[in-house]
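Chains as they are written, first to last, in full-length UniProt numbering: chain A, 1 to 317; chain B, 1 to 615.
Just so you know, the hints here were simulated from the structure itself, not pulled from any lab data. Watch out, some of these pointers could steer you wrong.
Covered, in the sense of this in silico footprint (three residues per stretch, anywhere, with C-beta under 8 Å from a C-beta of chain A), are these stretches of chain B [as the list claims (entries may be wrong)]:
#1 5 to 11
#2 267 to 275
List time: in silico DSSO-like cross-link candidates among lysine-lysine, alpha-carbon distance up to 30 Å [unchecked claim]:
#3 B:Lys466 x B:Lys269
#4 A:Lys53 x A:Lys42
#5 B:Lys269 x B:Lys235
#6 B:Lys567 x B:Lys594
#7 A:Lys234 x B:Lys269
#8 B:Lys83 x A:Lys234
No residue lacks a Cβ here, since even glycine has one placed at the ideal position from N, Cα and C.
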Amino acid sequence: MIRFLARRIAFGAGVLLVLSAFVFFLFFVAPGDPARMIAGDKATEAQLAMVRKNLGVDRPVIAQYGTFLSRALTGDLGFSYRNQQPVAQIIARRIPATLSLVAGAALLWLAIGVPIGIMSARHPGSFRDRIGQAFILTGLSFPTFVLGMMSLYLLYFLPKQAGLTLFPPGGYKALTSNPALWAWHLLLPWSTLALTMAAVYARLTRGQMLDVMGEDYIRTARAKGLSEQRVVWKHGMRAALTPLVTQLGADIALMLGGVIVIEQVYGLQGVGALAVQAVTNQDRPIIIGVVLLGGLFIVAANIIVDLFYVLLDPRVR
Amino acid sequence: MVVLEARNLTVDIPTEDGVVHAVRNVSFSIRPGSLFGIAGESGSGKSVMTQAMMGLLPNADIRGEVRFEGRNLIGLPASEMRKLRGGRIGMIFQDPLSSLHPYYTIGSQIAEVLHAHERISPEEARARVIDMLGRVGIPSPADRYDDYPHQFSGGMRQRVMIAMALILKPALIIADEPTTALDVTVQAQIVALLDDMRRDFGTTVILITHDLGLLSSVADDVMVLYAGHRLECGKAANVFRAPAHPYTAGLLRSTPASYKPGSELAPIKGRPPSLLATPVGCVFAPRCTEALPHCATQPPPLRVYSDGVESLCWLEKGAGTTAPVPPRAKATHHAGQIEPVATVENVHLTYQVGSFFGQKRTLDVLKGVDLTIGKGETVGLVGESGCGKSTLARVIAGLTPATAGTVKVLGRDMGALDASQWREMRRQIQVVFQDPFGSLNPRRRVGSIIGDPFRLHGIASGEERKAKVRHLMEIVGLNPEHYNRFPSEFSGGQRQRIGIARALALNPALIICDEPVSALDVSIQAQVLNLLRRLQRELGLTYLFISHDLSVVRHICDRIAVMQGGKIVELATAERLFADPQHPYTRTLLAASKAPPAPTGGKDRVLAETRQVAS
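Assemble the whole structure, with the sequences as input and the hints as a guide.
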């Protein structure tokens with residue numbers, strides 16, 4: 001078990017190393033001069049050279065990467081080109097918003113998607129199944145930004161015109177300062193993200209449950225005289241859980257690296273919004289930082305999912 | 001006194017193709033404490049009927065009446081039905097591995113039955129489960145309570161299922177093919193256990209099986225189903241002594257055990273009807289050898305005989321005695337010099353296996369096997385699952401290299417072949433696989449499947465290939481006009497013929513038949529066995545025949561090798577092996593396999609009553 005974990009962590013570290021090298025060198029073949037961006041259009045050659053020296057970009061690429069890597073290991077990701085603040089700090093400030101968004105939405109999409117999937121799978125072909133399928137199709141075909149704009153228009157803009165403030169226009173309030181305000185600001189982003197994702201999970205759950213409910217051990221459970229609720233939730237869901245956990249791990253990890261569209265639409269100052277700003281500003285250290293953060297989440301989530309497998313399935317133990 | 005009585009039970013299942021009439025107008029009654037056998041081939045409706053009775057087929061349209069403990073099970077509210085299931089009626093299914101939940105411990109799965117039906121503390125439930133596990137023969141049950149199903153062997157898993165079915169001491173247990181997925185020696189143990197438990201607890205048992213040998217050894221009463229109809233019913237002793245219905249008689253005739261080795265089997269011709277259509281006359285008439293002119297046009301009456309046997313048949317005197325089949329002489333082998341096709345010398349095979357967390361260990365699958373297969377003979381390879389018989393076949397076919405030892409086929413060392421020789425060997429050794437459904441590509445036409453060997457080895461193409469394929473189809477008894485059909489349009493037996501035709505295409509020196517008939521019903525099995533024998537006689541083929549079924553092996557093989565734990569423990573001619581087994585394991589195998597006794601007649605039987613049945 002320890003050996004397995006050590007192997008997985010070593011492998012994950014390798015993935016991050018390759019990723020860091022890839023994004024780092026990518027920026028040196030990309031066009032654009034960071035010195036010119038910082039010093040402005042009117043800067044002289046001498047000024048530019050000075051800026052380059054300060055940034056350290058006058059040194060050979062390999063040397064720069066070496067410095068970056070050794071600093072990164074201590075948690076120092078360099079400084080933003082824009083405002084000279086430490087990248088790690090800038091990103092750390094953005095994490096709570098993204099984390100709040102993803103965690104809340106994940107709970108919501110599981111709470112909606114899994115029961116719809118189960119309802120659909122229990123009576124395939126029935127009216128209830130068709131309703132479930134319609135939900136899945138609608139959710140999957142709605143782009144998040146359309147749903148986001150629509151909800152803002154219907155639930156914020158129109159009521160506002162009528163003199164009602166049902167929801168805030170956007171933005172993020174810290175959980176630590178005022179939990180109620182935090183939740184009020186996140187309610188629309190949560191629902192928007194959760195509705196599309198719930199469709200994905202409903203479809204996955206439906207497929208899994210259809211397979212599982214045809215298994216022999218489900219027949220055994222019924223032959224024991226268990227109630228249908230127990231058959232479905234204890235025996236069926238238990239077996240359908242593994243692929244759901246895999247998907248959930250991957251989705252959450254991906255989103256913690258930034259939920260670009262939702263954060264933009266609702267003006268949440270999260271990691272995704274930061275990434276968009278960094279790309280617009282050509283702020284390389286921040287882009288590299290955000291990419292590495294995303295990579296870290298995905299690697300970590302994969303290890304956690306593997307550990308879950310071992311917990312869930314006695315046969316792999 | 002009856003425990004359960006079914007009257008005019010009819011089960012229809014709506015499907016996309018139409019309504020499947022799975023069970024039609026079946027009536028029976030079961031005496032308390034008896035073992036009631038339901039026999040039938042696949043599609044006879046035996047499993048569907050019991051599952052419908054138990055309310056496990058929610059989509060089925062069920063009519064008729066099933067009385068159990070004073071109540072009609074058909075139409076019983078779901079909550080009442082649930083109380084009966086597990087509480088008053090226990091069920092045991094075919095495959096104990098897939099029937100147990102892989103993620104829960106066996107103890108908790110059994111305890112769940114207690115908790116579902118009684119208010120009981122976890123400690124008390126645990127104690128009762130452990131007691132029950134001990135009674136069904138699980139060693140050190142207290143320690144094994146917290147083990148998962150995959151940590152048990154097949155036989156032990158079925159014991160767990162039996163413990164689960166018995167824990168509340170139900171009045172009735174329905175065992176649906178409880179031994180079919182198990183090895184023959186384990187089968188005997190499980191049947192003995194069921195029989196013991198029935199006596200200990202006074203439980204009535206419904207045993208559903210396709211295995212007439214098994215039924216003849218344990219059942220008190222039997223009912224024979226065919227295409228959803230109850231064709232025959234009565235005391236097991238009387239039915240097996242003198243089957244009244246031609247179908248039952250035909251089934252017994254199809255069993256290789258009732259023949260002298262080497263003789264031709266008398267299979268039931270044709271194949272079972274579609275369950276979508278409603279027959280006008282007798283459902284068995286198209287396959288019946290004794291059919292009268294009106295059998296196909298008028299529904300048969302129920303004949304009740306003096307010994308209590310009932311038969312749904314127009315024949316007044318019941319089925320005729322065993323139709324004499326002229327035993328066709330087989331080309332006898334001269335025991336002296338036979339030219340070897342394949343020789344296996346001291347072959348070992350060792351696998352490296354690593355567990356999930358990396359610990360490596362070695363697994364010896366073959367531990368020094370010697371075997372010679374002579375030209376024109378059939379060598380049988382028998383043994384229980386995991387004994388290495390299929391692995392040995394793969395080694396002989398050159399699909400898995402041996403770790404040590406030599407395999408020579410046609411004088412060539414299979415371990416030292418270059419690419420072109422290996423290709424040539426692929427021609428000389430062909431394999432017929434067990435599963436006729438899984439081993440044919442469903443998207444390719446039968447003609448191209450059978451023609452593949454010609455294509456792959458660049459032997460014939462175009463019209464010439466087509467002609468050869470048609471010829472092959474004719475040889476194996478398929479209609480050459482079905483050249484363009486897909487495998488799904490053929491039945492199991494026909495698919496196995498397709499597999500045999502493909503194997504024959506290149507005139508191979510050796511055909512390895514890996515359990516070729518074990519997925520087939522007994523009447524179809526007899527057809528395929530006859531085909532294999534005929535082909536050998538006509539084409540001089542050499543077979544290596546792998547099977548777990550001793551009666552099949554005995555029937556078709558010249559010599560039989562008994563394998564156990566990666567070794568051949570006994571090798572003898574078929575007759576000698578059965579008459580005078582030397583190795584204790586061979587004796588165990590022989591003792592465990594049960595064959596139905598040959599019918600001895602029923603001359604004293606007279607027709608007592610004839611009833612018209614509404615159908």
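Structure-based check of all given hints:
Counting residues of the stretch 5 to 11 of chain B whose CB lies closer than 8 Å to any CB of chain A gives 0, which falls below the minimum of 3, so the coverage claim is violated. A stretch counts as covered by a chain when three or more of its residues have a beta carbon under 8 Å from one of that chain; for the stretch 267 to 275 of chain B and chain A the count is 0, and the coverage is violated. Proximity of B:Lys466 to B:Lys269 is assessed by CA-CA distance (about 28 Å); at most 30 Å being required, the pair is judged to hold. Between the alpha carbons of A:Lys53 and A:Lys42 the distance comes to roughly 18 Å, so the proposed pair stays at or under 30 Å and holds.
Distance restraint check for B:Lys269 and B:Lys235: the Cα-Cα separation of roughly 27 Å lies within the 30 Å cut-off, and the hinted pair is therefore satisfied. Our distance criterion of 30 Å between C-alpha atoms is met by B:Lys567 and B:Lys594, whose separation comes to about 25 Å. With a C-alpha separation of about 48 Å, the suggested pair A:Lys234 and B:Lys269 falls outside the 30 Å cut-off, and the hint is violated. Distance hint between B:Lys83 and A:Lys234 is fulfilled; the C-alpha atoms sit about 19 Å from each other, no more than 30 Å.
In terms of the numbered hints stated before, the structure departs from hints 1, 2 and 7, listed from lowest to highest.
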